[in-house]
Every structure is written in structure tokens, then in C-alpha cells.
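Engineer: Sequence:
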Amino acid sequence: MMRVVFHTNILVSAARSSRGASFAVLHSLRQRSFVALASVPLMLEYESVLKRPEHLSPGQRTLTMTDVFLDAMCSLVEPVHLHYLWRPQTRDAADEMVLETALNGRADALITLNTADFAAPARHLGLPLLTPGAFYMRHLAPPTAKE
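Under the working numbering, residues 16 to 162 are what the sequence shown spells out, in order.
Among the hints, a few may not be true.
Cβ pair distances, simulated, as ranges [claimed, not checked]:
{"#": "1", "residue 1": "His96", "residue 2": "Gly141", "range": "16 to 22 Å"}
{"#": "2", "residue 1": "Leu59", "residue 2": "Pro157", "range": "15 to 21 Å"}
{"#": "3", "residue 1": "Arg34", "residue 2": "Leu140", "range": "31 to 37 Å"}
{"#": "4", "residue 1": "Leu97", "residue 2": "Ser43", "range": "23 to 29 Å"}
{"#": "5", "residue 1": "Leu78", "residue 2": "His98", "range": "17 to 23 Å"}
{"#": "6", "residue 1": "Ala109", "residue 2": "Gly148", "range": "19 to 25 Å"}
{"#": "7", "residue 1": "Leu91", "residue 2": "Leu71", "range": "18 to 24 Å"}
{"#": "8", "residue 1": "His98", "residue 2": "Arg153", "range": "27 to 33 Å"}
{"#": "9", "residue 1": "Val64", "residue 2": "Gly141", "range": "23 to 29 Å"}
No wet-lab data here; the hints were simulated from the structure.
Even for Gly, the Cβ is constructed at its ideal location relative to N, Cα and C.
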């Protein structure tokens with residue numbers, strides 16, 4: 016089964032719109048057709064970013080709704096313990112925990128909307144990058160949608 020790590024921007028995108036690939040990928044997590052990985056620092060990053068005022072107002076989400084979502088996500092992800100750190104690898108220090116979770120969890124791919132910041136370290140470390148749209152089409156879309 017494919018093992019993936021979600022960059023924080025996937026959760027933000029899904030929270031802002033239920034019509035995009037980010038939402039579709041997160042929604043499909045309940046079907047358990049792939050394994051999502053998360054570390055404690057990454058879950059704390061998800062919480063911190065999703066609870067920012069600029070991310071709450073667009074979708075009319077509340078702090079309580081965000082907590083419920085994150086609790087549900089915690090029940091669906093495989094926890095990753097960070098045994099080693101690889102810093103610095105990315106241009107954005109906040110992205111280090113995403114990369115470290117992927118490496119420590121032996122992820123098959125990192126799902127992100129920000130492929131530019133991860134391109135060099137991912138290539139160097141042999142970690143495939145996929146946008147949510149590419150991941151959905153390759154691994155989740157019904158066969159008729161792939162044709």
C-alpha cells in the first residue's frame with residue numbers, strides 16, 4: 016500500500032474548497048486505499064496553520080470544527096517517530112518537518128502543491144513529489160477517469 020505524507024498546504028487547500036483535488040485526496044483517506052503518515056511536529060504544524068484566522072474565515076470553519084477534523088485525521092494516519100533529522104534541506108525551515116516525516120516514515124511520495132521548494136532535496140533523497148491532482152489520477156481515480 017502506498018505511503019504518503021501531506022504537506023500542510025494540502026490541508027489548507029482542502030479546508031478552503033471541497034471541489035479540488037486536495038479535498039478529494041483527504042476525503043479518500045477514510046477508504047484506507049493508501050497510508051498517510053504524520054509525526055507529532057507535523058500534526059502540530061497542521062493545527063497551528065489551520066487555526067490561523069486567515070484560514071478559518073474562507074470556509075466558515077470554527078476552531079472546534081478544526082479540532083474535530085484534526086482528531087479524525089489523527090485516527091487515520093500512521094504515526095511516525097522522528098529518529099533522525101536531515102536539516103537543513105529545504106529553502107523554507109517550516110518544510111523540514113514535512114521532509115523528515117516522509118524520510119523517517121519511509122514514504123513512497125510527498126503530496127504537495129509546492130513542488131519547487133522540495134524539488135532539489137526530494138531528488139537528492141529519492142523521494143517522489145506528487146501534486147494532489149497527480150496523486151488522485153494515478154492512485155485514486157476510477158478507471159474511467161484515467162482514460
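Engineer: Kindly confirm whether 23 to 29 Å is satisfied by the beta carbon distance between Leu97 and Ser43.
Structural biologist: holds, 26 Å
Engineer: Is the gap between the beta carbons of His96 and Gly141 within 16 to 22 Å?
Structural biologist: holds, 21 Å
Engineer: Hint says 27 to 33 Å; check whether the CB-CB distance for His98 and Arg153 agrees.
Structural biologist: holds, 29 Å
Engineer: 31 to 37 Å was suggested as the range; check whether the CB atoms of Arg34 and Leu140 agree with it.
Structural biologist: holds, 33 Å
Engineer: Taking the beta carbons of Leu91 and Leu71, is their distance inside 18 to 24 Å?
Structural biologist: Given about 22 Å between the Cβ atoms, the range holds.
Engineer: Check the following: the C-beta atoms of Val64 and Gly141 are separated by a distance inside 23 to 29 Å.
Structural biologist: About 27 Å separates the Cβ atoms of Val64 and Gly141, which means 23 to 29 Å holds.
Engineer: Looking only at beta-carbon atoms, does the pair Ala109, Gly148 fall within the given range of 19 to 25 Å?
Structural biologist: Holds - the Cβ-Cβ distance for Ala109 and Gly148, about 23 Å, lies within 19 to 25 Å.
Engineer: Should the hint that Leu59 and Pro157 are 15 to 21 Å apart at their CB atoms be regarded as holding?
Structural biologist: violated, 35 Å
Engineer: Leu78 and His98, beta-carbon distance inside 17 to 23 Å?
Structural biologist: Violated, since Leu78 and His98 (Cβ atoms, about 33 Å apart) do not stay within the stated range.
Violated hints for the displayed structure, listed by number in ascending order: 2, 5.
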